[in-house]
Structure formats: C-alpha cells, structure tokens
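Peer 1: Residues per chain, in single letters:
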Amino acid sequence: MSKVIGWIKGTVTFRAEGGFCERLLDEATKENIPLWDTVPSDTAFTARCFAADYRRLRPLFRKAQMRVRLSKRQGAPFAFAGFRGRWGLAVGMIVAFYLFELLSSRVWVINVTGNETLSEEAILRTLSSYGVAVGCDFNEADVAALRLSALQALPDLAWLAANQDGCVLTVQVREKNESPPISPAYPADLVAACDGVIEQLTVTAGVAAVKSGDTVKAGDLLITGAVPTAVGDRFTHAAGTVIAHTEHVLTERVPLYETVTETVLSSSPLLSFQVFSLSVPLYTDRPSLLVKKTQTQNLTLFGTKLPVSLCRSYEEKAVTHPVARTEKQAEDLARLRLALRKAGVVRAAGILGETEQVTLDGGTVTVQKKLSCLEEIAAERKIENFP
Amino acid sequence: MNAKRAEQALGLPDGTLSREVRIELIGRRKLTAEGCRRLLEYEDGCIRFETVSGTVRLTGDGLRIDRSDPTVTVITGRFLAVEFL
Numbered sequence: 001m002s003k004v005i006g007w008i009k010g011t012v013t014f015r016a017e018g019g020f021c022e023r024l025l026d027e028a029t030k031e032n033i034p035l036w037d038t039v040p041s042d043t044a045f046t047a048r049c050f051a052a053d054y055r056r057l058r059p060l061f062r063k064a065q066m067r068v069r070l071s072k073r074q075g076a077p078f079a080f081a082g083f084r085g086r087w088g089l090a091v092g093m094i095v096a097f098y099l100f101e102l103l104s105s106r107v108w109v110i111n112v113t114g115n116e117t118l119s120e121e122a123i124l125r126t127l128s129s130y131g132v133a134v135g136c137d138f139n140e141a142d143v144a145a146l147r148l149s150a151l152q153a154l155p156d157l158a159w160l161a162a163n164q165d166g167c168v169l170t171v172q173v174r175e176k177n178e179s180p181p182i183s184p185a186y187p188a189d190l191v192a193a194c195d196g197v198i199e200q201l202t203v204t205a206g207v208a209a210v211k212s213g214d215t216v217k218a219g220d221l222l223i224t225g226a227v228p229t230a231v232g233d234r235f236t237h238a239a240g241t242v243i244a245h246t247e248h249v250l251t252e253r254v255p256l257y258e259t260v261t262e263t264v265l266s267s268s269p270l271l272s273f274q275v276f277s278l279s280v281p282l283y284t285d286r287p288s289l290l291v292k293k294t295q296t297q298n299l300t301l302f303g304t305k306l307p308v309s310l311c312r313s314y315e316e317k318a319v320t321h322p323v324a325r326t327e328k329q330a331e332d333l334a335r336l337r338l339a340l341r342k343a344g345v346v347r348a349a350g351i352l353g354e355t356e357q358v359t360l361d362g363g364t365v366t367v368q369k370k371l372s373c374l375e376e377i378a379a380e381r382k383i384e385n386f387p
Numbered sequence: 388m389n390a391k392r393a394e395q396a397l398g399l400p401d402g403t404l405s406r407e408v409r410i411e412l413i414g415r416r417k418l419t420a421e422g423c424r425r426l427l428e429y430e431d432g433c434i435r436f437e438t439v440s441g442t443v444r445l446t447g448d449g450l451r452i453d454r455s456d457p458t459v460t461v462i463t464g465r466f467l468a469v470e471f472l
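Keeping their order, the protein sequence lines are chains G and A. Heads up: the first sequence begins at 1 in the working numbering, then just goes up one per residue. Heads up: the second sequence begins at 388 in the working numbering, then just goes up one per residue.
Because the hints were derived from the structure by calculation, they are not lab data. Values in this document were obtained by computation on a predicted structure and should not be read as measured data. There's no promise every hint is true.
[Said to hold, decoys possible] DSSO-like, lysine-lysine: derived pairs with alpha carbons at most 27 Å apart: (1) G:Lys3 <-> A:Lys417; (2) G:Lys382 <-> A:Lys417; (3) G:Lys30 <-> G:Lys3; (4) G:Lys370 <-> G:Lys342.
[What the hints assert, rightly or not] Take a look, some chain G residues computed to stay more than 12 Å from chain A by CB distance: (5) Asn115; (6) Val210; (7) Glu247; (8) Thr296; (9) Thr359.
Ideal placement from N, C-alpha and C gives every residue a C-beta, glycine not left out.
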C-alpha cells in the first residue's frame with residue numbers, strides 16, 4: 001500500500017554532497033518531512049522523499065550546507081506530466097468510459113430462434129410495441145408481463161422466452177402445433193369430422209355407434225368410448241378406422257372485368273446505415289412520404305450478428321389498373337385457385353370422381369367442382385365429466 | 388509532581404509520562420526508538436543520537452535510518468552494540 005501511495009503522490013531520490021546529513025535529518029524530522037531509504041557514505045548522502053516535500057527540503061539543504069541534485073523521479077505526477085494541458089484526452093477517456101458503461105448495459109442485437117412459419121419481423125415488431133427493441137435497457141423490462149403480452153399478441157406462438165447475454169438478446173419461441181392427440185389413457189370418443197356415408201367401419205377399442213351404409217353428419221358419434229358392462233359404463237379411449245364416402249363442393253368466382261390494385265416497390269432502394277440505434281442515410285434526395293418497405297440486413301462477424309446493419313427502403317406505390325379477361329382466361333384462373341384449395345380440403349383420401357360445372361352470369365365466371373371422395377372421417381373427442 | 392512518581396501512582400507503564408527514551412530491538416535487525424531529540428552522527432557503522440536519558444550509540448554494519456519523524460525513529464541493519472554514553 002505504501003508503494004501505491006508513493007507512486008500516486010510521486011517520489012524523488014536526491015543525492016546531497018558535503019555539509020552535515022545529521023542536521024538535514026534533524027531539520028526534516030522537525031518539519032515533519034518523511035525521508036526514507038537513507039544511505040550515508042563518505043562522499044554523499046542519498047535519500048527519498050515525496051515529490052511535494054522536495055521543495056520544502058531546499059531551505060533545509062542550505063541550513064545543512066549541502067549541495068543537492070535530483071537523481072531519480074518516480075510516480076504518477078511525472079508519468080502524466082506530458083499530458084498536462086491536454087484536457088481533451090481526459091475528457092475523451094471519461095466520455096469513452098461513460099459510453100462503454102451505457103452501451104454495454106443495453107441490447108444492440110436481437111436474435112430470434114425457433115420460428116418456422118412466423119416471420120422474424122413480425123416477432124420483432126410485436127416486441128418493439130412492448131418496449132423491447134434495439135437500444136433498450138432489458139434489465140428494466142418486466143419479463144413475465146412481456147412474455148404474456150407477446151403471446152397474446154401472437155396467437156401462433158405457444159411459448160416465448162427472452163434471455164440477455166451481454167448486449168445480445170436471444171428470443172426463443174415455439175409455435176403452436178396442431179392439437180396433440182389425446183392421451184390413450186384418457187377416455188375419448190370418435191366422431192365424424194365431416195358429413196358422409198359410412199363405407200367401412202373397423203373398431204379396435206370402444207363400441208361402434210354406426211354401421212356401414214349409415215349417413216352421418218359432422219360431429220355425429222361413430223365409436224363410443226363408453227363401454228356398457230354389467231355394473232355400468234366403463235370408459236375407454238375409443239380407437240378404430242371409419243372410412244366414408246364424402247362430397248366436397250368448391251366454388252370459385254372470377255369476374256371478366258375488374259379493377260386490381262397492386263403494390264409496386266420502387267426499383268432503386270434508399271440505403272441507410274444503422275449503427276446501434278442511429279440511422280445514417282446514404283442518400284441525398286429527400287424521401288417521399290409514401291409508405292415504405294424496409295429490409296434490414298445485419299452485418300455479421302464470424303457468425304455473430306453485429307449492431308451494425310444496412311437498411312434498404314423501398315417506396316411502395318399502390319397501382320390500380322383494370323383487368324379484362326376472356327371467358328377462357330377467367331375459367332383457367334378459377335381452376336387454378338380451386339386446385340390450390342383442393343389440397344387443403346381432402347383428408348388423405350382417394351378422390352373417386354369429380355364433376356365440374358362452369359357458368360357465366362352477369363360478367364362473372366363461376367367454376368364449381370364437386371369432389372366425391374373416400375376418406376377417413378374419424379376424429380377424437382374427449383369424454384368430459386365421466387365418473 | 389515528578390513524572391516518574393505519577394506513573395507509579397497511577398500504575399502507568401514506565402516512560403508514559405516521563406518521556407524517557409524507549410528503545411525496542413527486534414532481533415539484531417531492527418530498532419525502534421521513541422524520544423530521540425537530535426541526530427549526532429550517522430554513518431554506515433555507527434549512529435549516535437541524543438535522548439532525554441542521554442546519548443545512545445548504535446554500532447553495527449549497514450545501519451540505515453528507515454524512518455525519522457518527531458515521535459519515532461526506525462533504524463535497520465546488523466547491530467553489534469547499543470550503548471548509553
């Protein structure tokens with residue numbers, strides 16, 4: 001500790017020749033000037049003292065009739081003497097320290113993981129509405145409330161967690177899956193998922209409530225999990241296969257004349273450089289007030305996202321133009337749309353046949369397809385309130 | 388009242404009130420002296436200083452005054468003798 005204090009205050013080593021070192025020591029003791037590392041010799045006397053005390057020793061050297069010379073200067077006052085008057089350096093160090101403290105306490109990069117169908121922009125936009133964005137102080141955020149609010153705002157998410165590591169915030173999400181199958185241990189019935197005529201019924205657990213040839217509607221009981229016994233109903237998880245003839249009717253209407261509004265992006269983007277939360281435009285022309293679409297590309301270094309990004313802004317223009325179609329074109333468009341819809345309607349079954357009806361009425365082409373299918377229509381339904 | 392008598396009457400340690408020199412020698416390497424008035428001689432092999440109780444001479448090798456202030460003087464080195472003159 002004394003060495004540290006000595007360095008901070010600064011020390012000098014002097015060499016005094018001639019005179020009487022005893023008198024010097026006595027006078028210094030009277031004046032309460034500490035001297036240490038004293039070394040007497042025949043020719044000279046050396047000692048060390050604090051730099052500030054050396055000036056006070058000068059009259060004492062005269063009293064002791066000694067000629068003195070400084071031989072060494074050590075410590076902070078001499079090390080930083082060259083920076084005297086250069087206030088900018090000290091101010092710069094203070095500002096840099098403050099900036100370092102400020103920047104290191106905030107979030108500058110947000111990584112989103114676990115999203116498959118939901119876009120990262122949508123998640124970031126939602127988080128931003130709750131105050132979590134680049135440049136925020138995440139320590140002040142109420143994480144539990146944030147999670148609840150974000151999950152309510154994004155109904156496709158089943159779970160969300162945000163963890164901060166330094167300046168990087170990692171947001172982990174899990175999207176909702178389809179309803180998980182009911183546990184085999186839980187009693188359940190099998191009901192019809194859509195209307196149809198039972199073609200084939202195979203029961204592996206439970207009791208059949210319908211038979212081949214029966215017509216059922218969506219929601220009708222097919223196989224019950226309540227098995228009657230001598231002492232009452234025994235509840236089980238119904239299982240089986242129910243194949244039925246079903247019909248699906250898909251209709252698509254396409255007008256021959258209509259006005260279509262399309263959103264067109266400008267061909268040349270406006271570039272801007274984003275550092276932390278500051279945006280530096282790289283263009284000179286003032287952008288218009290039209291709605292912009294922005295694409296942000298974060299720069300990375302060895303796979304790590306940096307708080308530096310390049311933004312491309314496009315001006316969006318809504319362009320309206322009339323469209324005129326021939327009957328053939330309208331029919332083809334309708335069939336194309338129907339083909340896309342058909343894939344989501346039929347549940348893993350064979351299409352036995354389809355009929356198509358095309359009508360033109362009041363300038364609109366209507367294409368209707370009737371699909372005759374053979375498909376599995378059983379769907380599980382929990383038995384609630386069983387004893 | 389005599390300082391010594393006062394010390395005895397109050398049961399204080401010797402030298403508390405009388406300002407007599409108090410010398411503490413640790414081994415042969417370090418000596419702490421309280422009550423030094425004036426340094427008379429300072430050399431590598433001999434240090435003499437004046438106290439209330441008289442002049443004290445220290446002889447030895449490599450004697451150095453490590454610290455000297457109005458209350459205490461610390462001397463290090465290899466002591467051969469401590470004498471009152």
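Peer 1: Hint by hint, note whether the structure agrees.
Peer 2: For each hint, the structure was consulted:
1. Taking the CA atoms of Lys3 (chain G) and Lys417 (chain A), the gap is near 20 Å; set against the 27 Å cutoff, the hint holds.
2. Note on Lys382 (chain G) and Lys417 (chain A): the hinted pairing is violated, with a Cα-Cα distance of about 93 Å set against a maximum of 27 Å.
3. Proximity of Lys30 (chain G) to Lys3 (chain G) is assessed by CA-CA distance (about 24 Å); at most 27 Å being required, the pair is judged to hold.
4. A threshold of 27 Å between alpha carbons decides the hint, and for Lys370 (chain G) with Lys342 (chain G) the separation of about 10 Å falls inside it, so the pair holds.
5. Distance check for Asn115 (chain G) against chain A: the nearest CB is about 72 Å away, which clears 12 Å, and the non-interface claim stands.
6. The claim that Val210 (chain G) is not at the interface with chain A holds, since no C-beta of that chain comes within 12 Å of its own (minimum 108 Å).
7. Glu247 (chain G), annotated as away from the interface, keeps every beta carbon of chain A farther than 12 Å; the closest lies near 109 Å.
8. For Thr296 (chain G), the non-interface assignment is confirmed: its Cβ lies about 68 Å from the closest Cβ of chain A, beyond the 12 Å cut-off.
9. With 12 Å as the threshold on Cβ separation, the claim that Thr359 (chain G) sits away from chain A holds: the shortest Cβ distance comes to roughly 115 Å.
Of the hints listed earlier, the one the structure fails to meet is number 2.
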